[in-house]
Amino acid sequence: MNAVNRVAITGAGIVSPIGHTTTDYCTALKKGQTGIGPITIPYAEELYQKVAAEVRDFDPAQHFDTRQLAMMDRVSHFAVVAAREAIAQAGIDFANGLSERTATIIGTGVGGQTTHDDQFRRLYKQGMPRTHPLTIPRLMVNAPASQISMDRGLRGPAFAVASACASATHAMGVAFHMVRSGAVACAVTGGTEACISVGTIKAWEAMRVMAPDTPRPFSKDRKGMVIGEGAAVIVLEPLEAAQARGATILAEIVGFGMSADAKDITSPDHNGMVRAIEGALTDAKLGAGDIQYINAHGTGTTANDVAETKAIRQVFREHADKLAVSSTKSMVGHALGASGALEFVAALMAVRDQIVPPTIGYLGPDPACDLDYVPNEARKMPVDVALSNSFAFGGLNAVLAVKRFG
Amino acid sequence: MSDVAAETLAIIAKHTKDKKVELTDKLADLGVESLDVIEMVMELEEKFDIHIPFNANDTEMKDFQTAGDIVTAIEKLVAAKT
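The listed protein sequences correspond, in order, to chains A and B. Position 356, counted from 1, in the first sequence is what my numbering calls 356; the numbers after and before it change by one each time, with no gaps. Position 28, counted from 1, in the second sequence is what my numbering calls 28; the numbers after and before it change by one each time, with no gaps.
A hint or two may mislead.
As a list, the in silico DSSO-like pairs of lysine-lysine whose alpha-carbon atoms are at most 30 Å apart [what the hints assert, rightly or not]:
(1) A:K202 to B:K81
(2) B:K76 to B:K17
(3) B:K26 to B:K14
(4) B:K81 to A:K125
(5) B:K17 to A:K263
(6) A:K202 to B:K76
Only part of the chain B face toward chain A is listed, based on derived beta-carbon distances under 10 Å [said to hold, decoys possible]:
(7) E33
(8) I38
(9) H51
(10) P53
(11) A56
(12) N57
Because the hints were derived from the structure by calculation, they are not lab data. Where is the CB? At the ideal position from N, CA and C, for every residue including glycine.
Excised from the complex, chain A in its bound form (with noise of 0.2 Å):
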């Protein structure tokens, strides 16, 4: 247990409004793609909010049986998809022991909404007196974690972390220290939401935060967050062990730091933005001058990107003039507890291909957010190390680094 190893992710998998792949995510991200569009579930029309990132054309019949769709909200359906994606590329084998090692760690804001709201709709305005004897199966806040580990037969500790906005962040970042650690021998992680639901949009739209176009990040004129929804997940394992069985490295997790604001529950601190992007920096054994790339937590709300703009300005000093800093919120929405790795994987891709991916939708500079964030095309720049920012409401911060390999 007295084990300090490097951290290499071997695979990544994702469901997203801008690809079902990590491949076809990656291609839409460097060609600064929008997944933002009109909502289309059931009863949308009781909304006053007419745009969101929704995973289309996703059908889960074509991944699962009867038997698992009957047990399975949309956020569980997302999270499985993306860890066999994972899972496939790392080309690893969980048997002789492996399995009893390997940890599940899946972070999500808010659990089954959909089931969450199809049920109570049938109670509270159709007037039934029961719900679908599977309601809490679907609905709670471990059911991606124990699927995807039911799935793939992975038999060590599995649970969810809950941090909001930045669960996907911590979920990693907690699996990356254990991985490190030598408390296990390979990880499965990440975050998914499936939050785009009728009762949950109108809970944001009574919090007056939300654009009725798309986000723009950064940009003058912006006017909030737009939701969005997906999954993503990684493989994480000891370097050693990855080389070992010949595997293909597409980066290492470096460093992982988080903070708590401790002061409001919904307004940013960029305090405690900057504990964490430190704590990132010194677990890493990083200097701010190493890092050439953030992708942002960069919400589209006015409040937001001042605070993180501020923040980057304490941390990187004169090197902040000359990071690369965009949002992918511009072009996935606001994923919540998955948004994490969703941006995590943009990172690794900013890393792994050398590109990194735009803030679409920016209009121009607000004098307050005075960075390069990378407006509306993808750029080709060497990336040695990237960050991933989450702050949460809450005031719960997590950033991960990752490190270019070979």
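Based on the hints, put chain B in the right spot on chain A.
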């Protein structure tokens, strides 16, 4: 002052820690914070059965600076119902 104006001012006053509200008062000066504003907007919507297209991120949203701005906006929305 119309009934709508009086009732609107009463709802605003609930969020001002008992300060008396004048039409020219700015919300920020009355100590109304962002979460108070969205609660207030919801109360006004429920009271008058209207939808207020308020976006907390819209810096051009000048309609909600003073108590008088809000009264005017609510009166328009209530009038538009009939």
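Evaluation of the provided hints:
Between K202 of chain A and K81 of chain B, the direct Cα distance comes to roughly 22 Å. Compliance with the 30 Å bound is thereby established for this hinted pair. Restraint check: the Cα-Cα separation between K76 of chain B and K17 of chain B comes to about 27 Å, which is no more than 30 Å; the hinted pair holds. For the hint linking K26 of chain B to K14 of chain B, the alpha-carbon distance of about 15 Å falls within 30 Å, and the restraint holds. Only pairs whose Cα atoms come within 30 Å are accepted, and K81 of chain B paired with K125 of chain A is accepted, the gap being roughly 25 Å.
A threshold of 30 Å between alpha carbons decides the hint, and for K17 of chain B with K263 of chain A the separation of about 21 Å falls inside it, so the pair holds. In summary, the hint linking K202 of chain A to K76 of chain B is supported, as the alpha carbons are separated by about 24 Å, within the 30 Å threshold. For the restraint placing E33 of chain B at the interface with chain A, the shortest Cβ-Cβ distance is roughly 9 Å, inside the 10 Å limit, so the hint holds. Hint status for I38 of chain B relative to chain A: holds, with the closest Cβ pair at about 5 Å, below 10 Å.
For H51 of chain B, the interface hint holds, the least distance from its beta-carbon to any beta-carbon of chain A being 6 Å, beneath 10 Å. This hint holds: P53 of chain B has a C-beta 8 Å from the nearest C-beta of chain A, less than the 10 Å allowed. A hinted interface residue such as A56 of chain B counts as satisfied when its beta carbon comes closer than 10 Å to some beta carbon of chain A; here the least separation is about 4 Å, so the hint holds. Residue-level restraint check for N57 of chain B holds (minimum Cβ-Cβ distance to chain A is 4 Å; threshold 10 Å).
When the structure is compared with the earlier hints, no violation turns up for any of them.
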